[in-house]
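Colleague: Residue numbers (numbering that gives the first Met the number 0), protein chains in the order written: chain A, 0 to 257; chain B, 0 to 308; chain C, 0 to 312.
Check before you lean on any hint, since a few could be wrong.
What the hints assert, rightly or not - Computed Cβ-Cβ distance ranges for the label pairs, DEER-style:
id: 1; chain 1: A; residue 1: Arg196; chain 2: B; residue 2: Glu31; range: 49 to 57 Å
id: 2; chain 1: A; residue 1: Leu166; chain 2: C; residue 2: Asp156; range: 36 to 44 Å
id: 3; chain 1: A; residue 1: Ala211; chain 2: B; residue 2: Gln70; range: 12 to 20 Å
id: 4; chain 1: B; residue 1: Lys114; chain 2: A; residue 2: Leu166; range: 54 to 62 Å
Claimed, not checked - Derived PhoX-like pairs (lysine-lysine); straight-line CA-CA distance at most 20 Å:
id: 5; chain 1: A; residue 1: Lys81; chain 2: C; residue 2: Lys141
id: 6; chain 1: A; residue 1: Lys257; chain 2: C; residue 2: Lys118
id: 7; chain 1: C; residue 1: Lys26; chain 2: A; residue 2: Lys80
id: 8; chain 1: A; residue 1: Lys257; chain 2: C; residue 2: Lys20
Said to hold, decoys possible - Partner residues are not named here, just some residues of chain C that face chain A (Cβ under 8 Å, in silico):
id: 9; residue: Gly57
id: 10; residue: Leu58
id: 11; residue: Val59
id: 12; residue: Tyr60
id: 13; residue: Ala80
id: 14; residue: Pro86
id: 15; residue: Pro89
id: 16; residue: Gln106
id: 17; residue: Ser108
id: 18; residue: Gln151
id: 19; residue: Cys253
Read the hints as simulated data drawn from the structure, not as lab findings.
Note that the structure is predicted; figures quoted are calculated from it, not measured.
For glycine and all other residues, C-beta sits at the position ideal for the given N, C-alpha and C.
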Amino acid sequence: MSGRIIHIASNTFREAVRDRVLYNLIAFALLMSGAAILVGQISIGIERLVVINLGLTAVSLFGIVIAIFIGIGLVSKEIDKKTLYTVLSRPVQRWEFIVGKFFGLAGTLVVNAFFMALGVFAALLYVSHHFQATDGWVLVALYFIILQFLIITSLALLFSSFSSPLLSAVFAFALFVIGTFAEDLRGFAGLTRGIVRWLATGAAYMVPNFSALNVISSVAHEQPVAGQLILSNTAYALVYASMALCGAVLIFERRNLK
Amino acid sequence: MKPSRRITIVAGTLLITCLAGSVLLLLHIDRERKGATLEEVLYISSPTLLKRMSLGYDGLLADVYWTRAVQYFGDKLTRGSEHFDLLAPLLEITTTLDPHLLVAYEYGSNFLAPKIPGGADQPQRAIKLVEFGIRNNPNQWHLYYDLGFIYYMELGDYAKAEQAFADGAKVPHAHQIMPLMAAKMAEHAGNLQTARLMWVTTYQITRDPMVKSNAVAHLNALQVDEDVTTLERVVSHYHEKTGHLPQKFADLETANMLRGTPVDPLGHTYKLMPDGHVEVRVPDDLPFIEKGIPIGYIPPRKPKLPPVN
Amino acid sequence: MTAIDILGLEKTYSVGFWRKKPRCALKPLHLRVEEGEIFGFLGPNGAGKTTTLKMLMGLVYPTAGSAQILGMEINDPHMKAQIGFLPEQPYFYDYLTAGELLNYYGQLSGVAAKERERKVREVLGRVGLPDVMRVQLRKFSKGMLQRVGIAQAILHDPRIVFLDEPMSGLDPMGRREVRDLMEQLKQEGKTVFFSTHILSDAEALCDRVAIIHLGELRSVGAVADLTSSVEGKIELVWHGNKIPAAMKALGADCHVTGDTIRAVLLEGNQDAALEALRREQLRIISLIPVRTSLEEYFVRKLQPSRATAGVTQ
Chain A
0 MSGRIIHIAS NTFREAVRDR VLYNLIAFAL LMSGAAILVG QISIGIERLV
50 VINLGLTAVS LFGIVIAIFI GIGLVSKEID KKTLYTVLSR PVQRWEFIVG
100 KFFGLAGTLV VNAFFMALGV FAALLYVSHH FQATDGWVLV ALYFIILQFL
150 IITSLALLFS SFSSPLLSAV FAFALFVIGT FAEDLRGFAG LTRGIVRWLA
200 TGAAYMVPNF SALNVISSVA HEQPVAGQLI LSNTAYALVY ASMALCGAVL
250 IFERRNLK
Chain B
0 MKPSRRITIV AGTLLITCLA GSVLLLLHID RERKGATLEE VLYISSPTLL
50 KRMSLGYDGL LADVYWTRAV QYFGDKLTRG SEHFDLLAPL LEITTTLDPH
100 LLVAYEYGSN FLAPKIPGGA DQPQRAIKLV EFGIRNNPNQ WHLYYDLGFI
150 YYMELGDYAK AEQAFADGAK VPHAHQIMPL MAAKMAEHAG NLQTARLMWV
200 TTYQITRDPM VKSNAVAHLN ALQVDEDVTT LERVVSHYHE KTGHLPQKFA
250 DLETANMLRG TPVDPLGHTY KLMPDGHVEV RVPDDLPFIE KGIPIGYIPP
300 RKPKLPPVN
Chain C
0 MTAIDILGLE KTYSVGFWRK KPRCALKPLH LRVEEGEIFG FLGPNGAGKT
50 TTLKMLMGLV YPTAGSAQIL GMEINDPHMK AQIGFLPEQP YFYDYLTAGE
100 LLNYYGQLSG VAAKERERKV REVLGRVGLP DVMRVQLRKF SKGMLQRVGI
150 AQAILHDPRI VFLDEPMSGL DPMGRREVRD LMEQLKQEGK TVFFSTHILS
200 DAEALCDRVA IIHLGELRSV GAVADLTSSV EGKIELVWHG NKIPAAMKAL
250 GADCHVTGDT IRAVLLEGNQ DAALEALRRE QLRIISLIPV RTSLEEYFVR
300 KLQPSRATAG VTQ
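For reference, chain A alone in the conformation it holds in the complex (with noise of 0.2 Å):
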């Protein structure tokens, strides 16, 4: 049973590498030198502020972006162009398929991730020519940002098994822009009343909270992050897309291919 999964996040993995989803890096590292490079002339005395700021901000918004553009066509795809028929016509189960491609993109994600970590310590290096002790919360910063694909990810394959691949984009992105106000959202639905009060705090609550997985600015300015935090965003991440997938595996169970 793992093992089919393992076979079908591979699969998932390969496809995005020759859709030449990696060679984004290249416009990355192509940003981080030119930053590097750059901030030294234009932001005299917060070079490392600026870099991490901008490099931690791009590895989170290609991310993201690559996250939403893959992962509204990874179910939806596959139906259209009835690749599915010969892979459910094998002893793999429909969860199985869903999960398989869930791991594949989000492996896809870790490892993108990765290679731009080290472009944001490349650059890191070149402007201040040593790395400090606390720059180890960068880490810590890139891990939030890869909980955040990992939700991401799951809530565009969610929107791929019922829905096609515009109409996916528009809901994963307007999720995520409205994630990024889920604290405010819970503030404001805190002075509604009445049915209004019920609804908006079901939204606000629903809605993934990526107020707390973006550390980008405090770690920026070598603020440490609490251990309590991280732990608990941690869990947040995984029981959010555990539900979302959970959701994805309804759906797509009961779909009748076309």
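With chain A held as given, fit chains B and C onto it using these hints.
Modeller: Then chains B and C, alone, in the frame of chain A:
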């Protein structure tokens, strides 16, 4: 069958022509919009809205706005402008997006508070800015210094300045200048020495080249003020003693009242006027001086700061 | 053992945004296929053949009814390990090479790692594609894709092979090869269930056929039994260029070629036709019975339904 040669030539030529044309047009448009471009530098003027829209990437956006603020101020400075209207909003946006960007508060105290042409003449707004900074970074002694600086330099409120420096002295790892400065506020606030100390400190504790350059200009001005005062006193002393005014500085030398030819901090010799006043030779190079200004001199709109290195 | 046991499988789609109009793709179907036979599932396009296959593969859920394959339920992984499926106009991951694709399918079907490479090579040779291991599928022609499709269906040595339009996209040589392959599979003791609308293939291969039209099963049985149930025809050839009026009255299908005329008519009208020719003193060249083809049976069988077509659509 091959692609049509004629079409290739026509389309290719047209492409290159259009490319050249679009570049030329862009240059033309840029020239027309020169004034406009900087005014639009804010894009969105509400700091809180901007923070919402940054989707959590406020750190980077803060850096972008900070870069804009530096460019804006530097540009206005070199181009010469009456007002720096956008400096306050830019700094406010920057600090709303990233309350820990300490250098922005430094800019507030050094360039938002002072009078035109050296700054935007908005000391109250600068105070608000720095106080916001202190609320968000209560353990950064430099911010208390910035606050005290504004009260001392622009508002002459020595009591509040002393309070600020004293508060800053209590912060862990505060710079040793803080309690010293607090004491100075209490006793010798009006002194030239205190002002000089303040500027030297500012020069030493900043990493920003613009702030350093500004501090040097002010130190030069203080020196000139002191020199002119001293020289005019010597001239007056000579007048008392001899009954007439000296013709040139050499006369004072002969009378053993002066050693060597007096030069200003930039190396230009002072000018001795027939009526006994002392003037600087190149007033353009010495913004911020209050003494020794040639009569009828109209300062340029842009204060000329020493080169940024 | 019964290879395939279909018990009242039925599929109705709800068409339209407000789910008003139901469209019946398959009326309740009862069918049994025994192990070791080549079974043809025939019908015109849109008859419900693919719908049935998709339900058997678990890709579509039936509105009612059930089915068992090798005595096991449709979604049973043990069952799926023993069947192979070639969908209609298959499309595969075009970024993979043929070797990688088959290897992937082998992994999913539980073929042991040690044997996979060998089996992949073997099966590619069997479908006539020995040299394409490293060629990317996006470079394959339609016929080559069809062959790869067959390869993936038999790779893991399944007991039953389901083929949806296996001949489509193949040239005559290719079709011949596939027919031979299907015979081989039968020799190996496998069951082959295939759908097609090319009746001559079915006639040549099948032990039994089922004919389905507009979602409804019209008949089931051995080819010989079916064709013999239809009234035979004869072919009459005579010299001359004159067609007696009586011929036309008998419903003869006449063709003039040079100075001979060939007419096909029902066996029962044989005597009347000969009489008509004798009366006109036309010289008879030959009289031979025409073997009823499956196509003939097909057309005749489906004729009445054509008149009432459109009721459920």
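Colleague: Evaluate each hint against the coordinates.
Modeller: Results of checking the hints against the structure:
1. A beta carbon spacing of about 53 Å between Arg196(A) and Glu31(B) agrees with the range 49 to 57 Å that was offered as a hint.
2. At about 42 Å, the CB distance of Leu166(A) to Asp156(C) agrees with the hint of 36 to 44 Å.
3. For the hinted restraint 12 to 20 Å between Ala211(A) and Gln70(B), the CB-CB distance of approximately 34 Å leaves it violated.
4. Checked against the given bound of 54 to 62 Å, the beta carbons of Lys114(B) and Leu166(A), roughly 58 Å apart, stay inside it.
5. At most 20 Å may separate the alpha-carbon atoms for a hinted pair to count; Lys81(A) and Lys141(C) meet this at roughly 15 Å.
6. Note on Lys257(A) and Lys118(C): the hinted pairing is violated, with a Cα-Cα distance of about 31 Å set against a maximum of 20 Å.
7. Of the pairs offered as hints, the one joining Lys26(C) and Lys80(A) is violated, with about 27 Å between alpha carbons and a cut-off of 20 Å exceeded.
8. Restraint check for Lys257(A) and Lys20(C): the C-alpha separation of about 18 Å stays at or below 20 Å, so the hint holds.
9. Restraint check, Gly57(C) versus chain A: the minimum CB separation of about 7 Å is within 8 Å; hint holds.
10. Checking Leu58(C) against chain A: minimum C-beta separation of about 4 Å stays under 8 Å; hint holds.
11. With 8 Å as the threshold, the beta carbon of Val59(C) comes within range of chain A, its nearest partner Cβ sitting at about 4 Å, so the hint holds.
12. For Tyr60(C), the shortest C-beta to C-beta distance to chain A is roughly 6 Å, which falls under 8 Å, so the interface hint holds.
13. Evaluation of the Ala80(C) hint against chain A yields a held restraint, the C-beta minimum of about 5 Å falling below 8 Å.
14. Hint status for Pro86(C) relative to chain A: holds, with the closest Cβ pair at about 4 Å, below 8 Å.
15. Interface hint status for Pro89(C): upheld, as the beta-carbon distance to the closest one in chain A is roughly 7 Å, under 8 Å.
16. The interface hint given for Gln106(C) holds, since its Cβ lies 4 Å from the closest Cβ of chain A, which is under the 8 Å cut-off.
17. Annotation: Ser108(C) was flagged as interfacial toward chain A, and the flag holds, the nearest CB pair being 5 Å apart, inside 8 Å.
18. Checking Gln151(C) against chain A: minimum C-beta separation of about 6 Å stays under 8 Å; hint holds.
19. Interface hint status for Cys253(C): violated, as the beta-carbon distance to the closest one in chain A is roughly 47 Å, over 8 Å.
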